[in-house]
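Asker: What follows is the residue order along each chain.
Number of protein chains: 2
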Amino acid sequence: MKDNSTSSSGCLYLIPTPLSAESEWVFSRPIEDALKSSSMLVCERIRTSRRSIKYMFDQDSFDLLTFVEMNKHEANDYIEIAKKALKSGKNVSVLSEAGMPCVADPGHRLVLEAHRSNIPVHPFTGPSSFMLALMSSGLNGQSFAFHGYLSRDQDKLNSALRSLDKEIKKNGSSQIFMETPYRNQKLFDSILRLVSNDTYLNVSMELNGQQELIKTKSIRDWKKHPMIFKDKLPAVFILGQP
Amino acid sequence: MKDNSTSSSGCLYLIPTPLSAESEWVFSRPIEDALKSSSMLVCERIRTSRRSIKYMFDQDSFDLLTFVEMNKHEANDYIEIAKKALKSGKNVSVLSEAGMPCVADPGHRLVLEAHRSNIPVHPFTGPSSFMLALMSSGLNGQSFAFHGYLSRDQDKLNSALRSLDKEIKKNGSSQIFMETPYRNQKLFDSILRLVSNDTYLNVSMELNGQQELIKTKSIRDWKKHPMIFKDKLPAVFILGQP
Numbered sequence: 000m001k002d003n004s005t006s007s008s009g010c011l012y013l014i015p016t017p018l019s020a021e022s023e024w025v026f027s028r029p030i031e032d033a034l035k036s037s038s039m040l041v042c043e044r045i046r047t048s049r050r051s052i053k054y055m056f057d058q059d060s061f062d063l064l065t066f067v068e069m070n071k072h073e074a075n076d077y078i079e080i081a082k083k084a085l086k087s088g089k090n091v092s093v094l095s096e097a098g099m100p101c102v103a104d105p106g107h108r109l110v111l112e113a114h115r116s117n118i119p120v121h122p123f124t125g126p127s128s129f130m131l132a133l134m135s136s137g138l139n140g141q142s143f144a145f146h147g148y149l150s151r152d153q154d155k156l157n158s159a160l161r162s163l164d165k166e167i168k169k170n171g172s173s174q175i176f177m178e179t180p181y182r183n184q185k186l187f188d189s190i191l192r193l194v195s196n197d198t199y200l201n202v203s204m205e206l207n208g209q210q211e212l213i214k215t216k217s218i219r220d221w222k223k224h225p226m227i228f229k230d231k232l233p234a235v236f237i238l239g240q241p
Numbered sequence: 000m001k002d003n004s005t006s007s008s009g010c011l012y013l014i015p016t017p018l019s020a021e022s023e024w025v026f027s028r029p030i031e032d033a034l035k036s037s038s039m040l041v042c043e044r045i046r047t048s049r050r051s052i053k054y055m056f057d058q059d060s061f062d063l064l065t066f067v068e069m070n071k072h073e074a075n076d077y078i079e080i081a082k083k084a085l086k087s088g089k090n091v092s093v094l095s096e097a098g099m100p101c102v103a104d105p106g107h108r109l110v111l112e113a114h115r116s117n118i119p120v121h122p123f124t125g126p127s128s129f130m131l132a133l134m135s136s137g138l139n140g141q142s143f144a145f146h147g148y149l150s151r152d153q154d155k156l157n158s159a160l161r162s163l164d165k166e167i168k169k170n171g172s173s174q175i176f177m178e179t180p181y182r183n184q185k186l187f188d189s190i191l192r193l194v195s196n197d198t199y200l201n202v203s204m205e206l207n208g209q210q211e212l213i214k215t216k217s218i219r220d221w222k223k224h225p226m227i228f229k230d231k232l233p234a235v236f237i238l239g240q241p
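Chains as they are written, first to last, in numbering that gives the first Met the number 0: chain A, 0 to 241; chain B, 0 to 241.
None of these hints come from the bench; they were simulated from the model.
You can trust all of the hints, since none of them are fake.
The list treats identical chains as interchangeable, and a pair is accepted whether it falls inside one copy or across any two copies.
Using 25 Å as the maximum straight-line C-alpha spacing, the simulated SDA-like pairs for lysine to any residue come out as follows:
#, residue 1, residue 2
1, K83, D220
2, K86, W221
3, K155, N170
4, K216, S87
When you get a sec, could you build the whole thing from the sequences and use the hints?
Answerer: Listed below in structure tokens is the structure:
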């Protein structure tokens with residue numbers, strides 16, 4: 000971990016959390032040190048963040064650590080509070096709900112404010128469900144795009160899937176998106192209906208968990224044995240070419 | 000870690016390595032177990048992979064572990080050797096040179112072959128330089144594209160930079176690319192010359208290392224104090240909007 004003690008302001012630490020209780024990845028000692036050196040923890044939900052800390056370190060919190068929630072509706076409140084602490088020389092940690100903060104997750108506005116105020120930012124390595132999925136997919140990992148969640152509107156979803164398929168045919172880059180568990184079947188069925196037979200689909204479910212499932216097949220082969228999403232588990236979908 | 004012992008074939012493990020000797024992320028016990036249970040290690044260079052194992056576990060190798068190099072020129076050789084071992088029930092590990100295998104790195108063809116033969120694939124969490132950069136950039140992490148290395152040809156590079164800038168203006172998604180250390184200055188200067196003033200640029204150098212440097216500014220602000228790349232260090236560049 001870089002020593003930022005020469006700076007007059009504090010350091011903004013970006014701290015991931017495990018994707019599941021069965022995760023092989025756990026908080027390292029340097030992450031514990033960063034949390035212990037912080038006077039403020041910025042998170043999505045105080046209740047679950049306290050639970051994460053309790054689970055990983057077997058203690059409710061650390062001395063002096065106050066919790067601040069990122070509030071979607073008053074977006075700048077927590078930013079001002081955290082910036083004031085950082086400028087006064089205190090360290091602040093951003094903790095995700097699961098995986099890495101700021102990527103497919105809130106937090107990036109505070110990070111940009113830190114850059115604007117010349118406050119050092121230090122990230123810690125942790126799990127990212129779509130990176131684990133991409134690495135395990137066997138699809139092109141040299142060039143890809145991440146789209147978060149596609150539209151819930153069926154017409155817009157159809158046109159998005161058609162345009163992703165065209166993009167793959169044009170430049171071969173992998174196209175990554177996620178879905179909320181209860182809509183996995185609908186998305187999967189739409190993909191089989193709209194994407195060309197020779198495009199490949201990776202489905203990665205409950206990565207790092209007990210029921211981890213990672214499968215890549217061509218759309219043609221998926222059609223022979225379509226997937227039935229019995230359990231409502233978080234999933235990543237990747238369309239691409241080898 | 001998922002127990003794949005019920006499968007008649009072995010499991011293909013995907014194993015990252017630290018980005019630098021100062022990395023806070025190190026191999027976890029489950030990664031050590033996966034390596035110990037493997038009969039074959041697929042890597043880019045045997046010499047550096049032996050050094051990684053020596054460094055992390057203070058032993059030259061593990062019993063029964065044979066090393067196989069991914070050979071770019073005879074791409075299918077190592078795939079056939081690894082597949083044969085996997086089909087006979089042995090576990091095989093793919094080890095990267097630095098960061099995660101198969102993403103901006105070779106290995107994905109073996110993974111696709113594993114899927115085609117119904118061989119289970121299991122990824123381990125590890126560092127990714129461009130994910131650490133994106134997380135620390137303060138730029139849009141909900142939608143982004145990764146392009147690997149841009150063209151070395153100046154005309155093609157110019158047109159790529161103009162088209163990425165257009166893409167950001169159109170849909171706000173972050174555009175990530177890398178450069179080899181000795182060409183960082185040339186790429187940086189080209190960006191300042193071609194990208195619009197209100198677009199933001201993140202430069203992340205030697206992530207996880209002693210000289211880690213992470214800065215995000217608008218092109219307008221970079222022009223006031225341009226960066227001088229004195230040391231030849233690996234860098235990630237991200238163009239985007241907050």
